Each structure stands twice: as structure tokens, then as C-alpha cells.
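Undergrad: Generate the whole structure from the sequences, applying the supplied hints.
Line order of the protein sequences matches chains A and B.
Its first residue numbered 1, the first sequence is counted upward by one per residue in our numbering.
Its first residue numbered 1, the second sequence is counted upward by one per residue in our numbering.
Because the hints were derived from the structure by calculation, they are not lab data.
As the structure is a prediction and not an experimental result, all values here were calculated from the model.
Hints may be right or wrong, so weigh each one.
Facing chain B, from chain A, some residues (calculated, C-beta under 8 Å) [claimed, not checked]:
hint, residue
1, PRO118
2, ILE126
3, PHE213
Even glycine gets a Cβ: it sits at the ideal position worked out from N, Cα and C.
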Amino acid sequence: MKRVRARLRRTPIGLGIVLCFFVLGLVGPWIAPYDPLMIDLLHEYEPPSWTHLLGTGDNGIDILSALLHGARLAAIVGVVVVGVSVVFGTLLGTWAGYAGRLTDHVITGIADLVQAFPAIVLNIAILALVARPGLMHLIVALAVNGWVLYARLARAETLTLREREFVEAARALGVPTRQILRRHVVPNLLGPLVIQATTGLGVVILAESTLSFLGLGPGKAVSWGALLDQGTSVLLRFPHVALFSGGAIAVTVLGFNLTGDWLRDRLDPLLR
Amino acid sequence: MVRMMSPGLLRYLVGRLLRALLTVVGLVTIVFLLVRLIPGDPVEAILGDQAGPEEKAELRRALDLDRPVAQQYLSFLGDMADGSMGTSFRRPDRSVWSMMRDVLPHTIVLAIAALLVAWLVAIPLGTIAAAKAGRGWDKIASTVAVAGLAIPNIWLGPLLILAFGVKLRWLPLPGDDLAGPEALILPALTIGTAFAAVLTRQTRAAMIEVLAQQYITAARARGVPSVPLLLRHALRNALLPVMTIGAAQLGALLSGTIVTEKIFERPGLGTLFLDAFFARDIPVVQGCVLIIAVIYVVVNLIVDLAYGVVDPRVRLS
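TA: This is the structure in C-alpha cells:
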């Protein structure tokens, strides 16, 4: 098991997938051969052909174009949610870890409560509170439980950093707390946070797909999950729709997982 | 029974129970606050601007929003405590709990089936992988684990339907008659695969740790044959940590049922939850969120308690 995993980690296939994903997310909508919302009822659910490389789906939309547009949505949601979660999580976690006592208890208590809900259940509950969930709502719903992981990580690291000699020295020299945190604590958190955020991107992209699959995605936007949902409803007659859209999700998530593992090996010298 | 318990164990059990109770109160409060924390008028936000005044008034009444917050909270707590968990917005004649009670068995059966699949795959596979670490079986196990974790269940479900329902025609398709237990196999596999992957890794890691201990070497030296050695001496001790991790994965298991019930068109808590979502039946949404979270807390509690009874070291932490 270790050897296979080690080999997978050494070859950065994951990194290749991740780079492809971001490039397609950036330029996808410009290179897409068709408008993904274009209705063409004469060519509904056609298998792959030269005119439609990945075939057509519901209302005759071009699947390749829909996937390219969906990559952008997934990339935006992933980057924004992880970005917001990392910032809030790091702030709260460092604060809890450094201040200790009541602050620590309150922040850890909230984190525990948020984690007592399975993530997707809490997301659905939040989205149920708006009439027509849009992109913003989706991002907020995903960030509500996204920050917890980073807060826990930042808190745990801060607890050990706080007792380290260089931090103690800074304290003894009378350096203000805020500056200690900014100069000495947070920079040392970056490595673990980057590793966690990489895997976290895969988690968020999967969560966005799952919510869209359940029909809770942002309104008109083209999403991989929504495409997979359409594909599943015609699965028995036209399996290509579900195969391609689900494949895009699976490969992307795998890419982020492999990259996270690979980064862990590179950035964490203790594991080498 | 109580007399047999040491004071340390009793203190551990009571403390753990109190913490679980506190968590449940916290969960109820969060679910209560969710609706109240929406900026602006929650009724407007939930129903959209198309809704008529009657519809809005009805929701306002259902959510108790026309009274002071403290009173709202007390009556919400009352609804939770008396077991009704409020009244459905769509079906005023039904309590939320009675609606959930009708579908809960389907979800529980599915979750247990998924657990069984995971355990049946993971424990033998993890044990063999640990016994033959670094060799063929170990590689097969690791491939299964990596693949199982990588495939999202929203894709695995359709793939399984295509393979076993459409191509091979071994198992029923979604929407077919649900009477037979064979209709459970594909949904259980859909949820259980990722679970099996995690458990395989854990079982393997725990087994390798146990197999390196001296009592195993001693047993081997005494001439205990390798199969009883693995099963009776090693696996029994390795399973404890695996059990706890199994409980921690329960959240994933419950989320998995929501997705899987949709893919396989099965009735259950997830289907009720999604239907309530689309109908903006907020009391039912709240009830489903809460029941899922409480199941999660209670199962973790049971595992912790069992663990505390079996392993005295846990009580000290």
C-alpha cells in the first residue's frame, strides 16, 4: 500500500490535473465550441460525434461546452470558499490558541457544534432559508462549515508555537501580541495550511457538485453536478451524459487529493 | 451493575453524558437561530417576493415569528421536548416527528446495510493487507482503498446502475419494486465503498501496529497457528481504534444516504429532507437537520461510552 501510494505521490499527476483544471476554469468559457445554454431540440441526447465531441444532453446542449463552463463555476466556488475559510479559520484558530481560556473555549465550542452536523446537512439547511439560492448563498453555506478545519489546524499549531523559545523570547522582549502573531506565529502556519487548503479545494468542489446534483446549486449557472443530475435521470437510455460529467468531478477531486499528498511530502520534512 | 463500576468509570460516564446533552441543547439552539439570523425579514427571504400575503402570514405563524424571541425559543424548546418537533407547514395535520418516523426505518436499514458492506470488505481486506504487508494482496487492498475514496458517490451510484442493472441485469434498477433485499445492494455499495476504503486503511494500520507487539511474537513462539493468531490475538485488539473511526465517519454515512436515496429513488429521511427543502417546509427541514445531528451525537456517545468501559485509559483523558 505504502509503495503504491509513494509512487503515486512521487509522480505529480495530481498537479497536472489541478493545473489543467485551473487553466480550463480560466479559459474554458472562451474556448467552448458552443453556448452551453443553447437549445437544440433536434439533437437532444446525441452520443459523441465530430460536431459534438462529448455528445449532447438535455435540450441538445453541447456537453463539452457545459463541462468547460462548469469548470469555471467549480473553480470560483472552490477558490472563494477555501480562501474565505482559510482567512477566518486561521484568524479564529490562532486567536483561540494564543489567548487560551474563555476565548479558546468559546471558539472551540462553536467549532464542535458546527462539526456535530454532517457538512452537507448544514449546507442544505442554510440554503433552505433563501427563496432562490444563488452563487453568493452557495459560497456562504459552504464557508459556514469550511472554516472549522483550518481553525482547528491553526489552533493546534499555535498551541505548540506559543511555547517555542523564539516566541517566548519575543514575548520577553515586550513585542506586542499582535506583532508576535503576525511575525512569528502565522508565517509558521503557512505550510500546514497550504497542504490542508489543497485537499480542501477538492472537498469544496465535490460539495458544490453534490449540492448542484441535489438541485440546490446556483440558479442558471452551468454546474457539473447539475449536469450529472440530468444525466442520471436519463441514465438508462443515454449514459454518456452521466459518464462524462461524473468523470470530470471524479478526476478533479482525485487531482486535488493527490496534489495534497504530494505537497505534504514536499513541505513536511518530518515525513520524509 | 452500578456497584461494579469504579468511581472513575462512573465519573467518566456521567461527564460524557452531560457533554452530549449540552451538545444537543446547542444543536437545538443553532437550528432555532438559523432562521432568526437571516438579515431582513426571514419570511420574505424564504418565500421570495412572489409569495402572497396569506402564504407569508401562514409561515410567520408556523415559525412563531410574531412573538418576542424569548417566547419563540421557549415554545421551540417545548416542541422539541414533547417529541412532536413542530408541525409540518405543508401538512398541518402532521407533526414533524410523525413524518420522520414513517421514513426513518428505510434510512436506518440503508445505513446499516452500507456499514455491513464496508465492514465485510474492509476488515478481511485490511487484515490480509497487514499480514502480507508490501506484497500482492497489500497492493490490491491499497488500490481498492485509493479508488474507493476517489470516486464520488454521486458518480458511483449511476456507474453501479449501469454496470449491474443495465449491462449485467443482475440487480433491480431504481424505481423497480423495492420489496426484495437485492434492491438494497447497489445503494449500500454506493455509500459503503468510500467507507470501506477508509476502514481498510485503518484496519491495516491498526493490525500492523498490533502485529509488531511482543505478545504476538510470544504467541507465535508458542506455536499458535497463523490464522487464529491473526483473528483471535491481533484482530480483536486492532478493532477497537477502527470502531471509533467508524463512528467518526457516521456523518459521511448519513450524508451518503441523502444522495443515494435520490439516485435510487428510495423513500427515506434524505428524500423527506429534500422534498421539504423544495417546498420550503421549514419546520420539517429543521426537524430533519436536528434528527440527523442528534443521531450523530448519540452514536458517538455510545461508541465513546463503550470504549470507556472496555479501555480504562480512555477515562483518564
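Undergrad: Indicate, hint by hint, whether the structure satisfies it.
TA: Now the hints, each set against the structure:
1. PRO118: holds, 4 Å
2. ILE126: This hint holds: ILE126/A lies near chain B, its Cβ roughly 7 Å from the closest one there, short of 8 Å.
3. PHE213: Nearest chain B Cβ about 5 Å off; hint holds.
Checked against the numbered hints above, the structure breaks none of them.
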